[in-house]
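Chemist: As a plain string of letters, each chain reads:
Protein chains: 2
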Amino acid sequence: MQFEPIGIIHTPFPEPIGVPIQPTGGMGVKATIEVFPEYRDGLADLDGFSHIILLYHLHRSEGYKLRVIPFMDTVERGLFATRAPKRPNPIGLSVVQLDKIEDGILHIQNIDIVDGTPLLDIKPYVPEFDQQPEIRTGWLEVVRRTVSERRSDERFGS
Amino acid sequence: MQFEPIGIIHTPFPEPIGVPIQPTGGMGVKATIEVFPEYRDGLADLDGFSHIILLYHLHRSEGYKLRVIPFMDTVERGLFATRAPKRPNPIGLSVVQLDKIEDGILHIQNIDIVDGTPLLDIKPYVPEFDQQPEIRTGWLEVVRRTVSERRSDERFGS
Chain A
9 MQFEPIGIIH TPFPEPIGVP IQPTGGMGVK ATIEVFPEYR DGLADLDGFS HIILLYHLHR
69 SEGYKLRVIP FMDTVERGLF ATRAPKRPNP IGLSVVQLDK IEDGILHIQN IDIVDGTPLL
129 DIKPYVPEFD QQPEIRTGWL EVVRRTVSER RSDERFGS
Chain B
9 MQFEPIGIIH TPFPEPIGVP IQPTGGMGVK ATIEVFPEYR DGLADLDGFS HIILLYHLHR
69 SEGYKLRVIP FMDTVERGLF ATRAPKRPNP IGLSVVQLDK IEDGILHIQN IDIVDGTPLL
129 DIKPYVPEFD QQPEIRTGWL EVVRRTVSER RSDERFGS
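Residue numbers (this note's numbering), protein chains in the order written: chain A, 9 to 166; chain B, 9 to 166.
Next comes chain A alone, as it looks inside the complex:
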């Protein structure tokens, strides 16, 4: 299957190294999304949502290994039990805050995305669909609360 970008994400992070880990780590970081003109009519009604889900191509990630040491840990984990960017299908997912939309440009906050990232899809974030009340998070149970202090290093850089 073949996918085409519908826009480009512009952020303050030119390289995959030093990027916050997850939107939680990028709290307050501002960025913009340039949606290509031919798709802008599909942005109607989106400004009513405070948060949106971005799907994007992790275009700086090449290749993958099925066991990785994630940024949040010191031992190897199965790739699908991590959010590591090098994956068989390198599709990134971030829930970000939507501040406003002007002339097809989305102004967003809380960013963990490399500059120039090709956008694949925007979906509205809806708690009834996307939030779960009772959660177990395996190996991340303890460390996930420290994510806001962490940054990516060279391990998944291309």
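Since the hints were derived computationally from the structure, they do not count as laboratory data.
Among the clues, some could well be false.
If chains are identical, the list can't say which one is meant, so a pair holds when it fits in one copy or spans any two.
Think about it this way: if two alpha-carbon atoms lie no more than 16 Å apart in a straight line, the pair counts; the simulated EDC-like pairs of lysine to aspartate or glutamate are [unchecked claim]:
{"no.": "1", "residue 1": "Lys73", "residue 2": "Asp49"}
{"no.": "2", "residue 1": "Lys38", "residue 2": "Asp123"}
{"no.": "3", "residue 1": "Lys73", "residue 2": "Glu84"}
{"no.": "4", "residue 1": "Lys38", "residue 2": "Glu12"}
{"no.": "5", "residue 1": "Lys108", "residue 2": "Glu42"}
{"no.": "6", "residue 1": "Lys94", "residue 2": "Glu70"}
{"no.": "7", "residue 1": "Lys73", "residue 2": "Glu46"}
{"no.": "8", "residue 1": "Lys94", "residue 2": "Glu12"}
{"no.": "9", "residue 1": "Lys73", "residue 2": "Glu110"}
{"no.": "10", "residue 1": "Lys94", "residue 2": "Glu162"}
{"no.": "11", "residue 1": "Lys94", "residue 2": "Glu84"}
{"no.": "12", "residue 1": "Lys108", "residue 2": "Asp55"}
{"no.": "13", "residue 1": "Lys73", "residue 2": "Glu42"}
Using the hints, position chain B against chain A.
Modeler: Below, chain B without anything else, positioned relative to chain A:
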């Protein structure tokens, strides 16, 4: 950019019509994911997570319109302000409950997915990354609470 399936999702819904709307609508519906043998080593540690994010190819959705009347509404909305399956890049996203993993087969619950859907990625669901405390949901603000009673109809069927 080109993506390849890493597995197949088997569900009780053979056709896009009559499928629950979002995992909330498919509460208690059981399904399995067959991860292809060459990717199974990447499933290590995943069984510690109660919920996972599935990204998949909405393979029964062809074409799209930038304004749609979503299942949850009676007036046209911008496509990107909806979760309608016909999109420029038809990538579906569901947060589902993971019950167990046996021989590369994931047993999952709360399903809104058509049988035979090609799986693109599995990510662990982590509240610190994927949950937002204060939310506005625009046109969905009132109707989203009724999603569990709704089913898809023919409007996005292929």
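Chemist: Taking the hints in turn, state whether each one holds.
Modeler: Here is what the structure says about each hint:
Taking the shortest alpha-carbon separations for Lys73 and Asp49, only the inter-copy value of 10 Å comes in at or below 16 Å, while the best intra-copy value is 39 Å. Taking the shortest alpha-carbon separations for Lys38 and Asp123, only the intra-copy value of 12 Å comes in at or below 16 Å, while the best inter-copy value is 40 Å. Proximity of Lys73 and Glu84 under a CA criterion of 16 Å is satisfied intra-copy only: 11 Å inside one chain copy versus 44 Å between copies. In this homomeric assembly, Lys38 and Glu12 never come within 16 Å of each other (Cα to Cα): the closest approach is 25 Å inside a single copy and 33 Å across copies.
When the C-alpha separation of Lys108 and Glu42 is checked against a cutoff of 16 Å, the pair qualifies only within one copy, where the shortest distance is 13 Å, while the shortest distance between copies is 41 Å. In this assembly of identical chains, Lys94 and Glu70 lie within 16 Å of each other by CA distance solely inside one copy; the values are 6 Å within and 29 Å between copies. Taking the shortest Cα distances, Lys73 and Glu46 sit within 16 Å of each other only across copies (11 Å), while inside one copy they are farther apart (37 Å). Within a single copy, Lys94 and Glu12 get their C-alpha atoms only as close as 19 Å, which misses the 16 Å cut-off; across copies the closest is 14 Å, which meets it.
In this assembly of identical chains, the alpha carbons of Lys73 and Glu110 never lie at most 16 Å apart, being 40 Å within a copy and 22 Å across copies at closest. Taking the closest pair of Cα atoms, Lys94 and Glu162 come within 16 Å of each other only inside a single copy of the chain (12 Å); across copies the shortest separation is 37 Å, beyond that limit. In this homomeric assembly, Lys94 and Glu84 come within 16 Å of each other (Cα to Cα) only inside a single copy, at 14 Å, whereas the closest approach across copies is 38 Å. In this assembly of identical chains, the alpha carbons of Lys108 and Asp55 lie at most 16 Å apart only when taken from the same copy (6 Å versus 39 Å across copies).
Neither within a single protomer nor between protomers do Lys73 and Glu42 lie at most 16 Å apart by alpha-carbon distance, with minima of 32 Å and 20 Å respectively.
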